[in-house]
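As you go down the protein sequences, you meet chains A, B and C in turn.
Number 271 in numbering that gives the first Met the number 0 belongs to position 272 of the first sequence; there are no gaps in the numbering.
Number 300 in numbering that gives the first Met the number 0 belongs to position 301 of the second sequence; there are no gaps in the numbering.
Number 314 in numbering that gives the first Met the number 0 belongs to position 315 of the third sequence; there are no gaps in the numbering.
In case anyone wonders, no lab produced these hints; they're calculated from the structure.
A few of these clues could be false.
Unchecked claim - Restraint ranges, calculated between C-beta atoms of paired labels, are given here:
{"hint": "1", "chain 1": "B", "residue 1": "L505", "chain 2": "C", "residue 2": "A199", "range": "24 to 32 Å"}
{"hint": "2", "chain 1": "A", "residue 1": "D118", "chain 2": "C", "residue 2": "E215", "range": "53 to 61 Å"}
{"hint": "3", "chain 1": "A", "residue 1": "A21", "chain 2": "B", "residue 2": "G187", "range": "41 to 49 Å"}
Computed from a predicted structure; not experimentally measured.
Ideal Cβ positions, reconstructed from N, Cα and C, are used throughout, including at glycine.
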Amino acid sequence: MTSQPVHFYQVGSFAVGNRLLADDQRTVQSNPNRANSIDSGHRACQGCGEALGARYALDAAMRSCDGQIVAVNATGCLEVFSTPYPETSWRIPWLHSLFGNAPAVATGVAAALRVKGRDDVRVVGQAGDGGTVDIGFGCLSGMFERNDDVLFICYDNEGYMNTGVQRSAATPPAARTATTDVVGPEPGNVFGQGKDLPRLAMAHDIPYVATATVADLHDLERKVERAMAMRGARYLHVLVPCPLGWGSASNETILLARLAQETGLFPVFEAEDGVVTNATLIRRRVPVQDYLARQRRYAHLFGSHPRPDVVERIQAMADRNIERYGLLDASDQQVSV
Amino acid sequence: MEIPFAITLDVGTSRSNHTGSWRVERPVYVDRMPPCNDACPAGENIQGWLYHAESGNYRRAWEKLVEENPMPAIMGRICFHPCETACNRVQVDEAVGINAVERFLGDLAIEKRWSLPIPGSDTGKRVLVVGAGPAGLSASYHLRRLGHQVKLVDSASQLGGMMRYGIPAYRLPRAVLDAEIARIVAQGIEVELNHVVHDVERERVEGKFDAVFLAVGAQLGKRVNIPAGDSSRVIDAVTFLHQVADDDPPLLGRRVVVYGGGDTAFDAARTARRLGATDAVIVYRRNRERMGASGEELEQALGEGVTVRWLSTVNRFEGEKMVLEKMALNAEGFPESTGEFEELGADALVLALGQDTDLSLLDKAPGVNIANGVVSVEQSMMAAPNGIFAGGDAVPAERTATVAVGHGKRAAHGIDDFVMGREPGVKDRHGLATFDRLNTWYYADAPRQNRPELERIRRQSTFDEVIGGLDEDNALFEARRCLSCGNCFECDNCFGVCPDNAVRKLGIGERYEFDYDFCKGCGICVTECPCGAIEMVPEKI
Amino acid sequence: MLRQIEGSRAIAETVALCRPEVVCAYPISPQTHIIEAIGAMVKAGTLAPCEFINVESEFAAMSVAIGASATGARSYTATASQGLLYMIEAVYNAAGLGLPIVMTLANRAIGAPINIWNDHSDAMAVRDAGWIQFFAETNQEAADLHVQAFRLAEELSVPVMVCMDGFILTHAVERVDILDQATVDSLLPPYEPRQVLDPADPVSIGAMVGPEAFEEVRYLAHLRQLDALVRIPAIAEQFAHVTGRASGGLVNSYRTDDAETVIVALGSVLGTIKDAVDIRRELGERVGVVGITCFRPFPAHAVREALRSASQIVVLEKAFSVGFGGVLSTDVAMSMHGEQHVLRSVIAGLGGRPITRRSLEALIAEAVRGDLPALTFLDLDHGAVDRERTRMAGTRRSGPSAENLLRDRGPVGAAAPRTES
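With the hints as constraints, model all of the structure from the sequences given.
See below:
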């Protein structure tokens with residue numbers, strides 16, 4: 000079933016809230032009594048997409064289960080900026096163990112709750128892309144395979160930002176990181192590598208897999224709620240731009256997430272039991288350079304020695320996503336890109 | 000629970016870390032001038048009243064509207080709506096149908112018999128308003144709101160000025176006109192009709208008025224010297240339309256030529272059609288792009304069977320034969336003679352070549368400066384230091400009812416300052432809410448809802464209103480297409496998108512405030528504000 | 000109830016009596032029989048309520064235990080050898096977070112060369128992780144120690160590892176008295192966590208602690224271990240009172256009253272040593288034995304008291320710190336600081352090499368004679384070592400030593416004969 004957009008002709012369909020919308024049509028984030036699962040005073044960089052994405056997702060999860068949440072967190076930016084002794088930003092029960100074990104720890108929490116008959120308390124595991132697609136993948140795959148009752152959320156900022164912007168298996172081709180420097184004949188990260196975690200998750204035939212971005216709050220919250228309505232292993236992959244690692248302006252975090260979706264580079268979709276059930280259509284398609292050129296990690300593709308050939312390859316990736324997930328409304332006119 | 004040292008922490012502790020100290024720029028909420036408001040000659044707060052209409056609170060919307068303009072049902076029909084031309088939504092899809100919503104509100108107010116706001120407490124000051132057209136009525140209304148006594152005089156037998164005598168009923172039904180005028184008069188205005196003011200200074204002194212507002216309009220149709228035979232029927236459009244309005248239409252025959260390219264020419268031609276003319280031909284010396292009338296008016300006229308001879312002048316009118324000369328535009332766009340002529344059968348010629356103002360009533364008024372047939376006025380609309388103010392078609396400005404309404408309001412405030420012995424106040428205007436400040440992503444795609452038009456056959460024979468009104472659904476939809484440029488409409492975006500939860504939501508109608516203890520100054524709220532109502536300012540060192 | 004039972008089975012049944020709520024494990028020899036048995040009990044419903052999680056690695060096993068324990072569930076796992084090393088990051092983490100997980104370690108050597116047989120290299124590799132480490136001498140003690148381990152762990156919020164020799168104990172069938180449920184319940188009250196993930200009282204567990212408090216956190220952990228040195232004998236005493244059986248404690252001494260030479264050791268080898276001591280005693284040699292049941296925290300005071308009267312201490316251990324010597328020896332030496340003792344280290348039984356009574360007797364005789372060098376490798380095949388050293392000196396690409404040694408010995412054990420090319 001595809002989602003039914005809220006038809007509210009001023010901004011209700013896209014903005015966080017609106018004074019005129021019925022309460023049940025507003026986002027969790029519009030509620031002044033939202034959980035604020037992650038509180039003010041955290042030490043995330045200005046314009047941090049992950050801080051935003053975590054609050055979006057967890058607040059939605061909190062609403063969907065009446066505040067009965069336990070969160071498990073992998074090591075990474077989110078953990079470091081939220082809980083430096085003696086201050087924590089978390090308003091929910093929260094556990095950090097290690098970098099690579101968050102899915103397994105979450106399994107343990109879920110097992111403990113089940114054995115104690117606390118079906119009302121739900122478990123959310125969360126990690127960055129490194130903790131998900133790289134070091135945590137073994138545990139994640141195990142959690143998926145056992146279909147443990149955990150919603151696992153990856154906040155994907157496409158690199159190891161906490162340690163100083165190194166490459167992960169989620170770093171896109173051509174992107175500059177500290178370990179894929181812009182030197183040599185093919186500067187930046189190489190093409191043809193990396194893991195497509197949402198599809199790997201789908202291959203486990205778990206009940207629910209979805210992608211989302213911090214640019215589409217309604218979509219993200221709906222997916223969290225959908226996930227929380229299910230039991231078993233569920234996976235949500237949220238794109239969270241990182242001003243530090245991407246070399247973007249701190250005010251453009253949401254804009255970049257939107258462009259990632261609207262270019263087709265980050266397909267937004269959901270799948271149940273291993274089958275794609277819904278893809279969020281591109282609303283205003285843009286060529287990839289509109290997205291790339293706003294980020295210093297791609298600066299080597301433009302500037303004095305531009306690499307239109309590389310931009311073209313990235314465009315081809317976007318085009319392939321668009322085709323794979325059917326991201327364009329069939330009735331739409333093809334926009335030249 | 001008694002928690003282990005350091006590795007386990009209590010909730011809420013991070014709030015002692017005031018990350019606001021990181022900030023080098025701070026976001027601040029601003030109100031910007033929406034382009035519609037900026038463009039409105041009547042000075043309406045369009046965005047402001049649409050805001051209430053969006054919520055379905057039409058009463059509040061109407062009240063907000065009539066704070067500036069007491070005649071929304073009239074303006075919702077005859078205004079040429081520069082607001083829609085300026086509307087930022089043009090760059091997204093189509094302009095918001097402001098005029099249609101205004102009419103909806105105006106009609107609803109008439110239907111529901113809503114009252115204008117109670118006049119201000121009595122100042123004891125008396126003001127004479129000469130002319131009961133849009134400027135005079137507007138001034139009278141605003142003067143009453145300011146607590147001044149008003150005497151409104153007009154030479155005609157009914158109130159309304161050009162709204163009644165210049166604009167045909169199919170564009171402005173008389174019931175609507177009467178209703179809105181009656182509502183203004185009911186504010187406690189002393190009215191004297193059929194009163195021609197010959198010497199305004201004498202009336203001011205004898206009537207012990209503290210000020211006078213002249214809104215005498217431009218009632219004299221311009222004449223040009225066209226050779227015409229004695230039997231040829233020639234009439235100016237102002238007279239023609241006035242006679243029709245008085246229910247005493249002249250007999251023009253079946254073939255009527257109207258000379259001119261402004262709205263009045265089209266009004267005259269369309270009126271002639273309705274009076275039975277089989278041929279109603281507009282002769283205009285320039286081309287379509289350069290005509291004064293609006294495109295809407297042209298389309299409606301053509302739809303009613305009016306024809307137009309572009310690039311033509313009336314050379315002479317002999318009996319039933321009219322000779323036209325073809326024109327060509329020169330490099331500067333001015334029409335020039337070509338020496339080519341053609342003939343046209345015609346029973347009457349209506350001249351719609353503009354209007355003049357009769358300012359003889361000012362002959363004995365000291366200190367009044369008249370230039371090019373109109374009265375010079377200051378910003379406050381003051382024409383002479385002894386308290387004579389002027390507005391509408393009698394002063395240098397675009398001659399439209401909406402401009403006149405704006406003049407009336409401005410003059411009322413100028414008169415208020417004058418009679419109360421205050422220096423004229425200078426109003427700060429907000430910076431313009433330009434399109435580039437908007438984030439249009441957040442506005443849903445919503446095509447404009449157009450008003451229904453009367454079927455053609457009825458438009459050729461009756462004075463029934465041509466353009467219908469929006470129903471409530473459409474009006475609400477249209478109101479909600481407003482982008483609220485430059486003014487917060489409480490979409491909660493700033494509240495939602497802040498990664499630091501540094502925005503406080505103050506409740507409906509109360510907007511938001513920043514929590515500068517935690518705001519890091521990232522600026523996401525500014526970028527994601529749909530309407531551009533937040534801006535970053537540097538922190539003070 | 001006294002039963003003839005495999006060690007692993009005895010552990011499984013005793014752990015089940017402890018009412019674990021979450022059990023997770025990844026199979027590794029020689030731990031497998033323990034978790035197989037518990038898994039079967041959970042699946043059959045005889046152990047309930049309990050969640051048995053088949054995880055994908057030891058790293059996940061300890062991580063699941065961490066999550067479960069932090070959520071207030073009594074959590075248990077078991078591993079060995081490589082498995083312990085694979086989970087080592089989580090082993091440290093569990094201790095750092097103060098989570099009272101109990102884990103059985105079926106002691107096994109660490110590769111390479113890969114070797115599934117018993118020694119103590121695995122336990123020694125995590126001695127600094129912050130866990131309490133018990134070493135069981137017999138399967139009876141191993142079973143009993145698990146009850147005491149849960150009690151101690153939960154009392155102090157410290158994880159406890161019960162070490163038992165792989166195969167030698169885990170796979171040995173012998174008489175074990177399995178306690179009844181009422182007895183275990185009387186010894187082990189329900190788990191009341193010091194901290195728990197609870198939506199009604201949310202806390203953040205696992206903060207990032209910088210230089211300003213890290214040392215204090217570590218010192219507090221140290222103090223908890225020192226507390227354990229008091230609690231362990233008390234719990235053992237209570238256990239003895241309830242069951243009538245002496246199990247656990249810090250150290251146990253055997254024939255040390257007049258002993259001049261005392262052998263110190265961990266685990267099941269103590270039995271063989273005691274047999275050898277009995278024989279040497281008959282020959283008039285004044286030898287005794289001190290077994291260390293609690294290796295971490297190291298009971299320095301108890302060890303010192305137990306060894307005070309001896310003039311020579313021989314530490315026999317199944318692990319060593321390559322490039323230096325005995326691990327336990329170092330701890331004993333530290334404990335005896337200031338005393339005038341001769342201290343000898345004997346490395347024995349690595350990778351499952353049998354420690355025979357005969358070898359031990361010879362060792363004791365040598366020690367009594369005063370001929371034992373500072374560091375001895377019991378039953379070391381010097382010839383094999385020399386041959387390999389010669390080979391290595393003679394040719395650069397001499398190949399892997401383990402393979403070479405096996406080839407020299409001929410077809411034994413798992414090694415297939417290879418033709419010399």
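Going down the list of hints, with the structure as the test:
1. Taking the beta carbon of each, B/L505 and C/A199 are about 31 Å apart, inside 24 to 32 Å as hinted.
2. A hinted range of 53 to 61 Å is violated for the C-beta pair A/D118 and C/E215, which are about 39 Å apart.
3. Separated by about 44 Å at the C-beta atoms, A/A21 and B/G187 satisfy the suggested range of 41 to 49 Å.
When the structure is compared with the earlier hints, a violation turns up for hint 2 alone.
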